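This is what each chain is made of:
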Amino acid sequence: HGPYQPHEPGYGLDQAGYSPYEDQIPDPQARMLAVKNAKAYLLKTSTRSGLNLYDHFANILTKILDEQPANTVDIIEDISKDVKWAQFRKKMDTLQDEHVFLPTFEAAEKCKALFVKEGGEEEREELDEEMGQPSLPNVMETAFYFEQAGIGLNKDESYYIFLSLKNLINVQPIQTCRFWGKILGLEMNYIIAEVQLREGEGEEEETGEEEEEAVAEGEKEMSEAEEEGEEKEKEAEPPKSTYKPPPEVPKEENGTGTNKYIYFVCNEPGKPWVKLPPVTPAQIVCARKIKKFFTGRLDAPVVSFPPFPGNEANYLRAQIARISAGTHVSPTGFYQFANEDEEEEEGDAYEENPEFEPPPVAEMVESLATWAHHVKGILKQGRCVWINPSQKSEENEEEEDEEEEDKEEGEEQQEERGLPLLTLISEDEGMKNIPAWTAQPSTYLIPQYSVAILQSNRWPGAYAFASGRKFDNIYFGWGHKYSPESHTPALPPAAQAEYPIGPGITEAVDPTVEEEMAFKIAQEEALAGEEEEGEEEEAEDD
Amino acid sequence: SLNCLDWSLLIPATKEMLALAEQLKGRFQGDPSFEYNLTEINAEAAARLTEGGKEPVIKEEARLIATIEQIDRAVGIVPRGAFVKTPLGSVHENRHFEGLSLVEAKKLSSYFHFTEPVNLKNKTLLEKADLDPSTDFLDSLEHDIPRGSWSIQLEKGGTVVVLRSLLWLGLTFYHVPMTKQFGYVYFGTGEKNLDLPFML
Numbered sequence: 001h002g003p004y005q006p007h008e009p010g011y012g013l014d015q016a017g018y019s020p021y022e023d024q025i026p027d028p029q030a031r032m033l034a035v036k037n038a039k040a041y042l043l044k045t046s047t048r049s050g051l052n053l054y055d056h057f058a059n060i061l062t063k064i065l066d067e068q069p070a071n072t073v074d075i076i077e078d079i080s081k082d083v084k085w086a087q088f089r090k091k092m093d094t095l096q097d098e099h100v101f102l103p104t105f106e107a108a109e110k111c112k113a114l115f116v117k118e119g120g121e122e123e124r125e126e127l128d129e130e131m132g133q134p135s136l137p138n139v140m141e142t143a144f145y146f147e148q149a150g151i152g153l154n155k156d157e158s159y160y161i162f163l164s165l166k167n168l169i170n171v172q173p174i175q176t177c178r179f180w181g182k183i184l185g186l187e188m189n190y191i192i193a194e195v196q197l198r199e200g201e202g203e204e205e206e207t208g209e210e211e212e213e214a215v216a217e218g219e220k221e222m223s224e225a226e227e228e229g230e231e232k233e234k235e236a237e238p239p240k241s242t243y244k245p246p247p248e249v250p251k252e253e254n255g256t257g258t259n260k261y262i263y264f265v266c267n268e269p270g271k272p273w274v275k276l277p278p279v280t281p282a283q284i285v286c287a288r289k290i291k292k293f294f295t296g297r298l299d300a301p302v303v304s305f306p307p308f309p310g311n312e313a314n315y316l317r318a319q320i321a322r323i324s325a326g327t328h329v330s331p332t333g334f335y336q337f338a339n340e341d342e343e344e345e346e347g348d349a350y351e352e353n354p355e356f357e358p359p360p361v362a363e364m365v366e367s368l369a370t371w372a373h374h375v376k377g378i379l380k381q382g383r384c385v386w387i388n389p390s391q392k393s394e395e396n397e398e399e400e401d402e403e404e405e406d407k408e409e410g411e412e413q414q415e416e417r418g419l420p421l422l423t424l425i426s427e428d429e430g431m432k433n434i435p436a437w438t439a440q441p442s443t444y445l446i447p448q449y450s451v452a453i454l455q456s457n458r459w460p461g462a463y464a465f466a467s468g469r470k471f472d473n474i475y476f477g478w479g480h481k482y483s484p485e486s487h488t489p490a491l492p493p494a495a496q497a498e499y500p501i502g503p504g505i506t507e508a509v510d511p512t513v514e515e516e517m518a519f520k521i522a523q524e525e526a527l528a529g530e531e532e533e534g535e536e537e538e539a540e541d542d
Numbered sequence: 001s002l003n004c005l006d007w008s009l010l011i012p013a014t015k016e017m018l019a020l021a022e023q024l025k026g027r028f029q030g031d032p033s034f035e036y037n038l039t040e041i042n043a044e045a046a047a048r049l050t051e052g053g054k055e056p057v058i059k060e061e062a063r064l065i066a067t068i069e070q071i072d073r074a075v076g077i078v079p080r081g082a083f084v085k086t087p088l089g090s091v092h093e094n095r096h097f098e099g100l101s102l103v104e105a106k107k108l109s110s111y112f113h114f115t116e117p118v119n120l121k122n123k124t125l126l127e128k129a130d131l132d133p134s135t136d137f138l139d140s141l142e143h144d145i146p147r148g149s150w151s152i153q154l155e156k157g158g159t160v161v162v163l164r165s166l167l168w169l170g171l172t173f174y175h176v177p178m179t180k181q182f183g184y185v186y187f188g189t190g191e192k193n194l195d196l197p198f199m200l
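Chains F and U are the protein sequences, given in the same order.
Each residue of the first sequence is one higher than the one before, counting from 1 in UniProt numbering.
Each residue of the second sequence is one higher than the one before, counting from 1 in UniProt numbering.
In short, the hints are calculated from the structure, not lab data.
Small disclaimer: the values here were computed from a predicted structure and weren't measured.
Glycine included, C-beta positions come from ideal geometry on N, C-alpha and C.
Don't take each hint at face value.
Unchecked claim - Covered stretches of chain U (chain F as the covering partner; in silico rule of three or more C-beta atoms under 8 Å from a C-beta of chain F):
1. 67-75
2. 163-176
3. 193-200
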């Protein structure tokens with residue numbers, strides 16, 4: 001045995017006074033034997049795990065000396081456990097390990113698909129010649145401006161979104177496209193793109209659906225009529241309810257009002273884009289009354305009171321419509337009305353003003369009058385343009401009727417007037433003492449490059465920026481409106497009256513015996529009186 | 001701090017501050033010396049204060065302190081194993097914490113509230129037997145009321161796990177599995193989401 005290394009037992013034993021057995025074993029021969037015994041004991045293999053203490057200590061000390069952690073004595077037990085754990089990993093298994101696909105790998109595969117350049121250059125050239133080049137929004141530029149304000153996603157994600165928007169444009173016939181924002185959900189998030197399809201493309205699907213609906217309802221009506229006929233023959237019908245549901249407010253046409261844009265969503269960049277259905281006024285009215293988190297699955301039911309007509313895809317679309325109507329702003333004067341004459345509420349068309357001169361950033365921040373809404377606000381009815389629903393006849397099943405019948409049964413609804421398009425946002429009401437918008441420049445230190453940032457307080461998460469001629473709106477958030485008071489759900493309506501109240505079925509107290517007797521006496525007196533009168537009359541006639 | 005350049009130290013919260021701050025609703029103003037008029041909000045509390053000889057106002061600074069304390073207490077979370085309790089009772093950072101595995105990171109039960117445990121004693125004996133007293137001395141997130149008030153998501157292809165609290169909208173906790181990195185930040189309006197039961 002040469003000079004003992006520190007990790008070998010026996011180290012220090014040759015120095016006087018350090019041996020544990022000193023008082024028992026005086027002579028060196030026996031001491032060597034004792035050392036050998038000790039070492040043999042340490043080398044004894046454990047029957048359970050196949051390790052021995054000697055090797056284990058050697059490994060521990062090696063690891064400690066290699067890594068030299070601080071306060072070793074405090075964590076020595078953990079180190080010991082780790083060394084043992086390391087032993088188990090090396091055990092060879094007779095079963096072959098299943099090739100585990102790491103979720104990271106799968107996600108990377110999907111993203112890889114985004115990066116593949118689309119083949120078929122000939123196709124692209126043809127497309128370019130026929131239609132105008134569809135405008136791919138420069139997501140990275142917008143992200144840069146928003147980053148000045150501290151809003152936005154990280155660069156990787158922005159770039160992935162950029163690439164998936166490019167894919168979307170190549171797949172769908174799209175005229176204009178914009179990254180609308182991201183809505184967070186419980187299980188997954190939504191990335192939303194606002195799109196305008198080329199004319200004539202999206203309408204075919206819709207009319208197809210409605211025709212089917214009309215046909216189906218027509219059939220249902222026929223079968224109901226037959227049933228009713230049979231029933232009448234058999235027995236008297238139960239009383240028909242006089243309840244007529246309020247006439248349904250028809251939804252706005254595609255391309256106008258709340259349905260001006262079409263929205264595509266996906267959960268993550270790289271996944272296929274799903275088109276959201278157009279929104280109906282009933283959905284908007286209901287969405288105003290409920291407040292629910294999004295789960296991230298488009299087909300999830302929305303359980304609420306009042307019951308929401310539709311599933312999560314419809315609720316998402318309704319919230320997007322409300323947010324767009326409430327928070328999409330642009331510098332005043334950027335858009336102007338297409339026709340100077342048509343400044344009525346129905347005028348939906350606006351176009352860019354070629355003579356627009358952008359006000360300086362300082363001005364944009366100071367006064368809110370330099371910003372204007374460019375999306376129509378939604379009325380209480382749930383549409384942008386008010387329509388009188390009682391003008392549609394109630395017996396007609398078809399909803400595309402354009403005849404105006406002047407039956408005004410039931411209640412008359414008051415005509416609602418909304419704010420005209422392109423109103424300045426300084427006219428937005430705040431809640432209590434909170435203004436509706438907060439404006440800030442992005443930096444006070446470098447005014448020549450700062451950007452005007454606008455934060456909405458009514459819809460927390462909606463931002464807008466403007467710098468010279470460039471501006472954009474975006475939304476990052478949970479998708480709910482802000483209210484200083486807590487949300488109170490609607491109370492269930494009062495129970496309906498079961499039957500019309502009338503004298504025929506109203507309860508009345510039965511007359512008591514005394515009353516009956518009194519009534520009888522009175523009647524007899526009356527009769528007696530009449531007979532007397534009759535006799536008198538007869539007497540007179542005579 | 002209002003501009004990340006000049007910082008001022010906040011005092012720790014007192015029970016009075018917490019009780020008073022719960023009365024206040026609405027957004028913060030942005031000015032630490034702004035004073036809320038308590039008489040408008042709650043006449044009783046104001047009366048109590050005036051009896052004590054103080055003015056019936058709350059400074060926004062106090063509200064800020066109370067809100068920070070509430071957030072930390074309610075939703076400040078750490079992963080399991082990041083902190084250990086010594087037999088003497090003191091709690092230390094676990095130098096040997098190597099991070100949660102991917103499977104563990106997706107479970108709510110691997111995260112703990114970093115405050116005095118409330119529910120620990122209510123567990124059944126069976127559950128208690130499985131606990132490791134050095135690492136399991138805090139409340140886990142599983143039993144948070146209402147159920148589902150945490151949203152757990154994997155980002156970046158599964159390399160980062162992000163938990164978002166739905167009770168305090170804006171509290172985000174991140175952890176990179178198999179590494180020591182974790183932390184939480186709050187970006188938001190500083191208001192508790194009292195509508196949570198309606199929203200789930």
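Okay, the hints, checked on the actual structure:
Figure legend: the region 67-75 of chain U, annotated as covered by chain F; annotation inconsistent (0 residues with Cβ-Cβ distances under 8 Å, at least 3 required). Chain F is given as covering the region 163-176 of chain U, and this holds because 3 residues of the stretch bring a CB closer than 8 Å to a CB of that chain, at least three being needed. Given as covered by chain F, the region 193-200 of chain U passes the check, having 5 residues with a CB less than 8 Å from a CB of that chain where 3 are the minimum.
The structure fails hint 1 only (numbered hints given earlier).
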